[in-house]
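Q: So you can see what is in the structure, the chains are spelled out below.
Protein chains: 2
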Amino acid sequence: MNDIISHPKVKHAQELLRADHDRMVEEIVTLTEIPAPPFMEEEKAKAYAEMLREAGLEDVQIDGIGNAHGIYRGSGNGAMVAVAAHLDTVFPEGTDVTVRREGTKLFAPGVGDDTRALAVNLSIIRAMKAAGITPQNDILFVGNVGEEGVGDLRGIRYLFNENPLGPQIGSFFTVDGLETPELVDRGVGSYRYRVTFEGPGGHSFGDFGIVNPANALAEFAAGFARIEVPEEPKTTLNLSILGGGTSINAIPEKVYVDIDMRSVDPQALDALDAQMRALVEGALALENGRNDTSKGEITARFDVLGNRPAGRTAPEEAIHRASAEAVRAFGFEPAFRVSSTDANIPMSLGVPAICIGSGGTGGRAHTLDEWIDTEPELSLRGIYAVMAAILAMAGLQD
Amino acid sequence: MNDIISHPKVKHAQELLRADHDRMVEEIVTLTEIPAPPFMEEEKAKAYAEMLREAGLEDVQIDGIGNAHGIYRGSGNGAMVAVAAHLDTVFPEGTDVTVRREGTKLFAPGVGDDTRALAVNLSIIRAMKAAGITPQNDILFVGNVGEEGVGDLRGIRYLFNENPLGPQIGSFFTVDGLETPELVDRGVGSYRYRVTFEGPGGHSFGDFGIVNPANALAEFAAGFARIEVPEEPKTTLNLSILGGGTSINAIPEKVYVDIDMRSVDPQALDALDAQMRALVEGALALENGRNDTSKGEITARFDVLGNRPAGRTAPEEAIHRASAEAVRAFGFEPAFRVSSTDANIPMSLGVPAICIGSGGTGGRAHTLDEWIDTEPELSLRGIYAVMAAILAMAGLQD
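Chains as they are written, first to last, in our numbering: chain A, 154 to 551; chain B, 154 to 551.
No lab work stands behind these hints, which were simulated from the structure alone.
All clues given are correct.
Copies of the same chain look alike in the list, so a pair counts if it fits in one copy or across any two.
For lysine-lysine, the following DSSO-like pairs were computed, each having C-alpha atoms within a straight-line distance of at most 30 Å:
hint	residue 1	residue 2
1	K164	K282
2	K387	K407
3	K282	K258
4	K448	K407
5	K258	K199
6	K199	K282
7	K387	K448
8	K162	K282
9	K258	K164
Turn these sequences into a full structure, and let the hints steer you where they fit.
A: Here it is, written out as structure tokens:
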């Protein structure tokens, strides 16, 4: 790491980042004010592709799922280093995304999650170009779709599984979150389903005795809530949204419950999933066995609402060490966290990956009161750390 | 019964009913075309009060809850005989209630349930008046509110519990349904609740381990579905509408289930209610015991959606025998049924009560395709039976 941060070209790039900071802030504003609700990232992707091109990347494209990306060409043939930030926000269409400023603070939905990172990456590209830095490996910068909620990591899933560049990627950063010391090296996997129970339905008094899908749902859900999950590896389950039924004097035809299961361990998550499916089968067998099925049986179906693989990047991996050292080099004490980010996808595929903050500070992410502080000193130390981590992985040509 | 139906004045009243039949049909149309959704019976009540006055009743009023009623004065001081039909329909505001005719058939929402009975009672009043019939006991004719669904029998509940005439009523007919042979002598009681479970809520992963109201709901509902109820007296229970929860990655703050419990036996219904409440307590204790309550406990509350008392009229009661004989006298074989009608209220208070059909035939009640056939021969035999049953209870002055 010392070789990297003491290199004259890197020092020069840091000066250029400082000189570019005001522009970087303006680009945060510009990009924040382009709405990008889940599945509606197209306009922001087009704008970002244009900015990647202006910053000097080659082969800038928008791929088949809507990710904007371009290549910072290196000199060698090593594996590509991917550096992503996500375009989408959690906010629905019609949300007012106008940025309000108070001193160095910016207020707007999406301003920190993850728009600052998009602008930080642009600034790093410009600084590296202007400082004449040529890395050994190609660096792929990506503004990707589909990180939040229902987006279900589809942008990075596509990048690795369908984009022709996917197989060339040997390490992966997603620049997400703000606080520089907080690095994510474990990806929480999650399986999310709407479990719908259906049956013939009828009148609550006249048809009493026939099977009731709400009985099966209750039996399943009570069993699900009784499951004991390990504390380590952290594994969780949740019953959330309930729905269905039309009238209090009707045996419902359809009821459902939304469930969420998560674990940092893929095996634990799969075991939980199997246990959940067995409970559904048991609940169906119980209800179809104890009540009258002459008008029809109770059935269940699963609609997948989310499927995020679990994964981890071992502390021995180069990207793990490089990230910790880069953060430490600029005065932060690294703390490795567990979370669900775009890094889940490469981690689950065995590609070493880290989620690193874009620097500065802020709060209230996922609310209309979201804000960041772009006060330059803290902001720049974070940006320097990101650049140093990238260059540590990409390698420096003398 | 032979004394009644062979009495010259009753014979004359039957001839007058026949002569009045066309007018009676016109009044079905007039009344059907005045909308009367639950809690919006006011206009129909006013119109019906005017028609009761025109038909010759005394002391016509609209009482404190909205029932229209008037007295057919008798000669003696015996207990009052009440004869009710309900004004309200199941159909919401805005439903097209225009009557369509095909021969003797009338099609419209509410035409049979219970508008025909309102018109039949008017025709009986006119015929008895014109035939010079003076009963021994006063007869109270009522067009009442609140029979259907959420109305929760509030019209007849008020009549017995708050209307000053209530304590004078010694027997009660509700003219409801069409088919003359079908008499209701057992009132199904029902308790209906929305059971809402509430807790602190939180993030499905970050706050995992805290209490979840959906867990408590599931435990309760699974236990409820496992309750074994007696076949005799018929007792039923039902889980119907489920709701609550805001997001799949949130531990919900609030979830609910709507439940319906019914029995023809008040003790069985109360026992079931107690069992249900114990299950809720048990589910709360389980969830608050096994999970973290540091952010708050799970609580439950009951919103009453319906409370209809159970009751029955014993076969030895005069009204039971009179109704059966009246029906039989006009060529029908009486069949006593179990149902939930306005007669539940007097039955539960120990006032002998019967629900009797208004005559004729029809179908598709509670749907937009509701229809009745007013073909005069069957229609009149039914009306004669209703009048005979009333007069058997009110007594005839010579």
